[in-house]
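Enquirer: One letter stands for each residue in the lines below.
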Amino acid sequence: MRVSLKMWFLSIMLSLALASPALAQKFDWQQAKGTQLRVLLNKHPWQGAIEPHLKEFEALTGIKLVAEVYPEDQFRAKVLVELTSGASSIDVFMSMPAQEGLKYVRAGWLQPVDEFLKNPALTAPDYNWNDFLEKTRDAMVIEGKIIGPPIQVENTSLMYRKDVFQKYNVKVPTTLDELEAAAKALNGKAMTDDGQPGYGIVARGKRAAATSQFAAYLHAMGSTWLAPNREPIFNNEDGIKALDLYGRLLRLYGPPGSENNHWYEASSIFSQGKAAMYTDANSLFPVIEDAQKSKVVGKVGYALFPRGPKGQYGSTVAAWGLAMPKTSQNQKAAWLFMQWATAKEQVLAVQSEKGVLGARESVWKDPKGMAKVPADLRESLTMGSKVGTPLWNPPVVAVAECRDAIGAAIVVSIQGGDVRAADNKAATDVKRIMLETEKK
Amino acid sequence: MLRVSGGGRDRVNPWTYVLLAVLLIPFLFPLGWMFLSSLKSQVQNTAYPPLWVFSPTLGNYREVFQKNPFFTFTVNSLVVALGSTGLALLLGLPGAYAIARFKRTGIALAILTARIAPGIGYLIPWFILFTKAKMIDTYAALILTHLIVALPLVLWVMIGFFEDVPGDLIESARIDGCTHFAAFLRIALPLAKPGIVATGILAFIFSWNNFLFSLIIAGFKTRTLPIAVYSFLSYEEINWGGLTAAATVITLPVLLLALLVQKHIVRGLTLGALKG
Amino acid sequence: MRHLGTGWSRFVERHPVPVFTLPSVVAVALLMAFPVAYTLYMSVHSWYASSLTSPQFTGLGNFRRAFFEDDRFRNALWLTVYFTALATALQLVLGVSLALVLNRPFRGKGLVRSVFLLPMVATPVAIALVWMMMYNPTLGVMNYLVGLAGLGPYRWVSNAAIVVPALAIVDTWEWTPLITLITLAGLATLPIEPYESALIDGASVTQMFWRITLPLLRPTIIVALLFRAIDCLKTFDIIYVMTQGGPGFASETLNVYTFQVGLFYFHIGYASSLLVILFALVLGVSLLLIKVRRGAW
Numbered sequence: 006m007r008v009s010l011k012m013w014f015l016s017i018m019l020s021l022a023l024a025s026p027a028l029a030q031k032f033d034w035q036q037a038k039g040t041q042l043r044v045l046l047n048k049h050p051w052q053g054a055i056e057p058h059l060k061e062f063e064a065l066t067g068i069k070l071v072a073e074v075y076p077e078d079q080f081r082a083k084v085l086v087e088l089t090s091g092a093s094s095i096d097v098f099m100s101m102p103a104q105e106g107l108k109y110v111r112a113g114w115l116q117p118v119d120e121f122l123k124n125p126a127l128t129a130p131d132y133n134w135n136d137f138l139e140k141t142r143d144a145m146v147i148e149g150k151i152i153g154p155p156i157q158v159e160n161t162s163l164m165y166r167k168d169v170f171q172k173y174n175v176k177v178p179t180t181l182d183e184l185e186a187a188a189k190a191l192n193g194k195a196m197t198d199d200g201q202p203g204y205g206i207v208a209r210g211k212r213a214a215a216t217s218q219f220a221a222y223l224h225a226m227g228s229t230w231l232a233p234n235r236e237p238i239f240n241n242e243d244g245i246k247a248l249d250l251y252g253r254l255l256r257l258y259g260p261p262g263s264e265n266n267h268w269y270e271a272s273s274i275f276s277q278g279k280a281a282m283y284t285d286a287n288s289l290f291p292v293i294e295d296a297q298k299s300k301v302v303g304k305v306g307y308a309l310f311p312r313g314p315k316g317q318y319g320s321t322v323a324a325w326g327l328a329m330p331k332t333s334q335n336q337k338a339a340w341l342f343m344q345w346a347t348a349k350e351q352v353l354a355v356q357s358e359k360g361v362l363g364a365r366e367s368v369w370k371d372p373k374g375m376a377k378v379p380a381d382l383r384e385s386l387t388m389g390s391k392v393g394t395p396l397w398n399p400p401v402v403a404v405a406e407c408r409d410a411i412g413a414a415i416v417v418s419i420q421g422g423d424v425r426a427a428d429n430k431a432a433t434d435v436k437r438i439m440l441e442t443e444k445k
Numbered sequence: 018m019l020r021v022s023g024g025g026r027d028r029v030n031p032w033t034y035v036l037l038a039v040l041l042i043p044f045l046f047p048l049g050w051m052f053l054s055s056l057k058s059q060v061q062n063t064a065y066p067p068l069w070v071f072s073p074t075l076g077n078y079r080e081v082f083q084k085n086p087f088f089t090f091t092v093n094s095l096v097v098a099l100g101s102t103g104l105a106l107l108l109g110l111p112g113a114y115a116i117a118r119f120k121r122t123g124i125a126l127a128i129l130t131a132r133i134a135p136g137i138g139y140l141i142p143w144f145i146l147f148t149k150a151k152m153i154d155t156y157a158a159l160i161l162t163h164l165i166v167a168l169p170l171v172l173w174v175m176i177g178f179f180e181d182v183p184g185d186l187i188e189s190a191r192i193d194g195c196t197h198f199a200a201f202l203r204i205a206l207p208l209a210k211p212g213i214v215a216t217g218i219l220a221f222i223f224s225w226n227n228f229l230f231s232l233i234i235a236g237f238k239t240r241t242l243p244i245a246v247y248s249f250l251s252y253e254e255i256n257w258g259g260l261t262a263a264a265t266v267i268t269l270p271v272l273l274l275a276l277l278v279q280k281h282i283v284r285g286l287t288l289g290a291l292k293g
Numbered sequence: 005m006r007h008l009g010t011g012w013s014r015f016v017e018r019h020p021v022p023v024f025t026l027p028s029v030v031a032v033a034l035l036m037a038f039p040v041a042y043t044l045y046m047s048v049h050s051w052y053a054s055s056l057t058s059p060q061f062t063g064l065g066n067f068r069r070a071f072f073e074d075d076r077f078r079n080a081l082w083l084t085v086y087f088t089a090l091a092t093a094l095q096l097v098l099g100v101s102l103a104l105v106l107n108r109p110f111r112g113k114g115l116v117r118s119v120f121l122l123p124m125v126a127t128p129v130a131i132a133l134v135w136m137m138m139y140n141p142t143l144g145v146m147n148y149l150v151g152l153a154g155l156g157p158y159r160w161v162s163n164a165a166i167v168v169p170a171l172a173i174v175d176t177w178e179w180t181p182l183i184t185l186i187t188l189a190g191l192a193t194l195p196i197e198p199y200e201s202a203l204i205d206g207a208s209v210t211q212m213f214w215r216i217t218l219p220l221l222r223p224t225i226i227v228a229l230l231f232r233a234i235d236c237l238k239t240f241d242i243i244y245v246m247t248q249g250g251p252g253f254a255s256e257t258l259n260v261y262t263f264q265v266g267l268f269y270f271h272i273g274y275a276s277s278l279l280v281i282l283f284a285l286v287l288g289v290s291l292l293l294i295k296v297r298r299g300a301w
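Chains as they are written, first to last, in the numbering used here: chain A, 6 to 445; chain B, 18 to 293; chain C, 5 to 301.
Just so you know, the hints here were simulated from the structure itself, not pulled from any lab data. Built from N, CA and C at the ideal position, the CB exists for glycine as well. A hint or two may mislead.
In silico negatives: residues of chain C with every beta carbon more than 12 angstroms from chain B [claimed, not checked]: (1) Thr62; (2) Asp75; (3) Arg76; (4) Arg78; (5) Tyr86; (6) Ala164; (7) Ala165; (8) Ile166; (9) Pro169.
Residues on chain C that point at chain A, a partial pick, calculated with CB under 7 angstroms [what the hints assert, rightly or not]: (10) Arg159; (11) Gly252; (12) Phe268.
This is chain A alone, in the form it adopts within the complex (with noise of 0.2 angstroms):
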C-alpha cells in the first residue's frame, strides 16, 4: 500500500513535471480557426520567399489566407487609398513605419499590437521579442506604441567590385574622402566582361527614391534632417556638403541620366558591370547575385557605408514591417498571422532560402541562415544595424511630400546648379509641409 501510494505520488509528480513543457507548448495557434484574413503584400523579396510558406500557416491554424500582391507603387497607393475611405477590409498589410507609420499612427488608422504581445494567451511563448535586432525593434516602435513585427533589415551599404579594385590597386574606401578618390580613379576604367569601360559610382537620383540613400551621406557627414525642436536642419553646412558631394559624384563620375534612375536602372547598370561602386540598399543583394541576371555574381564585396570627415557613421536601417489597421474585423487571426510569419522558423526559412535579411539576431547566428549570406555581408550589415541611424527619412507625417521636396534639390545637385539655393527652398518647403500636416 505504502509502495503504491509512493508509486502514485511519484507518478502525479512525474505527470506533472512532463505536463509543465507540454502546457507550456500547449499554444493554441487554432483559436481563431475558420476566419479569413485579407493580407496586403508589397512585390519584394520577403513576399517571394514568404508565398511558398503561407498553405503551412493555413493548415496550422485553420484560417485561410487571402493574398494580394502589388509592386510597390501601387501597393503604397492602394494602401492609403484603402485606409482612408475609412472601410477598409485589410487586416494585415506590410508596411515601412518610416516611410508611413507616423503619418498612419497620427491618423488613427494604426492597431499598435502591444497588448496581444503582453497577452500568453495570444502570443506563442517561445515568440521572443527581443530576439528582433534592437535597431529594428525601435523602427516598429512609433509614438511609444509597437505597431508590429519587423521581418526584414537593411542598411545603406557600399557594394563594390572586388575584381575591379584589385585590378586597379584601389583601397576599398571607409571614409567619404577615399570614396570620392576611388571613384575617380576608376571611372572610366575597364571593367564590364567584355572589356568595355565603366563608371566610378552608380546611385539612385530619381526624386524621392534618392532620398532614402543620400541620408547616409547625410549624416555620414554630420548632419541630419531635424534639429530637437523639429526645426529643418538637413541645410546646415555639413548638409550643404553631403549634397553638394552626392551630385558631384554621380554628375562627375556616375552614368548620364542618373536623375531618373531608381534602384531598378541603378541596379541594373551594376549587375552588369559598369560600375565600380553602388551605394544603396544591401538588400538588393539577391538581385546583384541572380545568377540567372547578374554578371558580376561572386564579385561583389559589401561594405559598411564610409564614415565622414568627423568619423560619424553613416549607415542607415531600415526595417519593412507587418502592421493591421484599427478597421480589421479579425484582430486576433491577424495577430497569428504576424506573429506566426515573423516566427524564428519562418525567418530562418526565408533567410536560408532566398537570401531575405531577416531581423532576428538567433537566425543570424544560425550557420543555416547564414548559408546565402555573404561573410562580408553579415559583417557589415550587424555593425551597420548597431552603429546606425534610423532615419533614412526625415521623421516626419507627410513623408512622401518631403521626400519629392528634398529630392528636387538632389536633382539640382547631380545637374550641377545651385546646391545651396536648392538646400534651402527644400528645408524652407519641408518646414511648411510639416507646419500643414503636423498640427496637433
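Got chain A; can you put chains B and C on it based on the hints?
Expert: Using the frame of chain A, we list chains B and C on its own:
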C-alpha cells in the same frame, strides 16, 4: 502634287508606293520593335548596337503566362469592356438619335463636358462612394466608371451617323403612322448599323486600354490587363523581354479588332469631326 | 412586351426628345454628380484624409496658394501648356502634310488606313513602356537610329531639357494618324468648282493650296485641333508611366502633379482645387477653339 480627290482613272505613279512605304514605316516601327523584343532573351535585349537578326525564343511568353494569371486579367478586361460598351450603346443610341433628328445640340454639348473633365477628379470621390457601397473590386463598379468615357463617345460619333440617315425615309414612315420609337428601331438603327459597329468597337477599345480607373477602382480579383503590364516593373531589374511580351499580348486583341473593321472605325472617328 | 397603354405612347409621341435622351443624361449626371460636388466642396477646404481631423474651411486659400506660393504648380501649368502646344503643333503640321501627300489615287487605301489606326488604338501603357525601352540612353534603339543619321546620342526622357519634346514625340506618333484621317475625310468633301475656276484663272498649285484648300479645310482642322488639345492637356498615361513627372519635375504636367498631391500626399483639399483649375483650363481652351471655328464659318 495637289489633287482634289474623287479622281477617276488616273495612272498610279509607282513612286507613290515607295513614298507610302517610307511614310508608313515610322508608324509601324515601335509596334514591330515591341514584337521583336518580345522574342529576345534578356541578354539579347541588352545588347548594343541592337540586334536585328537573332535566334528567337518563346521563353518570355511562357514566363508571362506562367508567372501571371493572364487568363484572369483577360477575362476581367473582357467583361468590363463588353459591359461598359453594351451599356453605353443601350443608353446612348436613343439619345444620339433624338439629338440628331431634332437637332438638339445643346444636350450634346452638355454631355460632352464629361469628356472635358480630367479623369483624376472622378477617382477619389468614386472610390469613397464605391467603398461605402461595398462595391470595390466588383465588375459593376468598373463598368460604371468606364461608362463615363464610353457614353460621350457613343453620343459624339453616333450623332454623325444618325444625321446621315435620310430624313425623308423617316418622314414617310411617320406619315404611315410609325411611332418615334418604331422609326428609331426599324429604320434608323438598321441604316446606321456600320456606325454602331464602329462605335461599339471604339468604345470597347478605349475601355480595354483604360489604365487610370482600373488602377484605383479595380481590386485584386478584377485587375485588368494594363495593370498587369505595369507590374512588370517590379523590384527586379526591368525585364524587357517579359515586358514587351506582355505588351504584345495586351495590344494584340485591340489591334486585330481595329483592323477587322477599319473602314467603319475611320468613318466613325472622322465623322464626329466633320459634323461637329 | 408590356403594353404600355395609350397614355404613355402619347407622351412619347409628344415628347420624343426627353424620353430618348433621358437615359444618357441621367447616367452621366449620376456618375458626375457626386464627384463634381465633392471636388467643389473639397477645393475650398483643407484635408489630409485623416480619420481624426475633419476638413477645415479655407475659402480661396488653396487657389491663392497655387497661384502665388506654389512653384511646383506654376511649373506644372507652364509644362502643361508647353507640352500641349508642342504636341498639337507637331501633329497638326505632320498630320495635314501627310493627308495632302496621301490624297492621291492608289491601291491599298484600306491597308494605309489600317496601319494608321494602329498607333491610336494600341494600349497607351504598353506603348509607353516600349518607347521607354527605345529611349534608353545606353541600350535603346532610338539612339542607334539617330546615330545612323549622325545625330545624338541623346538622353531623351532622362534629360530635363528635352524630356517634354521626347514625350511630345510619343504623343505625336500616337495621334498624328487621327489628324491625317480627319483631314483626308475633309479633303474628300471639298467642292471642285473653286479649283476649276482657279485653274481657268491660271492659279498655281501653291496658290490654290493656300487660297482654297486651307481655308476650306479650316473648320475640319480646327475640330481636330480641339480634340487633340483637350486630350493633350489631360494626358496622363504616357507621362506617368515613362517619367512620373521627372527628371526632377521637368515633365510634371498639371495632371501628373494633381495625381501626386491627391493620391500620394493625400492632400485632398489642395488636389481638388488643382482639379478645378485644370478643368477651367481645358474648358477655356475648348471654348476658345469653338469660337475660332465659328468665326471660320
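Enquirer: Against each hint, give a clear statement of whether it holds in the structure.
Expert: Comparing the hints with the structure gives:
At the 12 angstroms boundary, the C-beta of Thr62 (chain C) stays outside the reach of chain B, the nearest C-beta of that chain being 18 angstroms off. Consistency note on Asp75 (chain C): stated as away from chain B, and its beta-carbon is indeed over 12 angstroms from all of that chain's, at 21 angstroms minimum. No Cβ of chain B approaches the Cβ of Arg76 (chain C) within 12 angstroms, the least distance being about 16 angstroms, so the stated non-interface status holds. Distance check on Arg78 (chain C): its Cβ is at least 18 angstroms (rounded) from any Cβ of chain B, clearing the 12 angstroms threshold; non-interface status holds.
The beta carbon of Tyr86 (chain C) is kept farther than 12 angstroms from every beta carbon of chain B, the shortest such distance being approximately 18 angstroms. With a closest Cβ-Cβ approach of about 21 angstroms to chain B, Ala164 (chain C) is found to remain outside the 12 angstroms limit, as its non-interface label requires. Every CB of chain B is more than 12 angstroms from the CB of Ala165 (chain C) (nearest about 23 angstroms), matching its label as outside the interface. With a least CB separation of 19 angstroms from chain B, Ile166 (chain C) remains clear of the 12 angstroms interface cut-off, as annotated.
The claim that Pro169 (chain C) is not at the interface with chain B holds, since no C-beta of that chain comes within 12 angstroms of its own (minimum 16 angstroms). The restraint placing Arg159 (chain C) at the interface with chain A holds, with a minimum CB-CB distance near 5 angstroms, inside the 7 angstroms limit. At about 4 angstroms, the closest approach between the beta carbon of Gly252 (chain C) and any beta carbon in chain A falls short of 7 angstroms, and the interface hint on this residue holds. Among the interface hints, the one on Phe268 (chain C) holds; its C-beta lies about 5 angstroms from the nearest C-beta in chain A, closer than the 7 angstroms criterion.
Consistency with the previously given hints is maintained throughout, with no hint failing.
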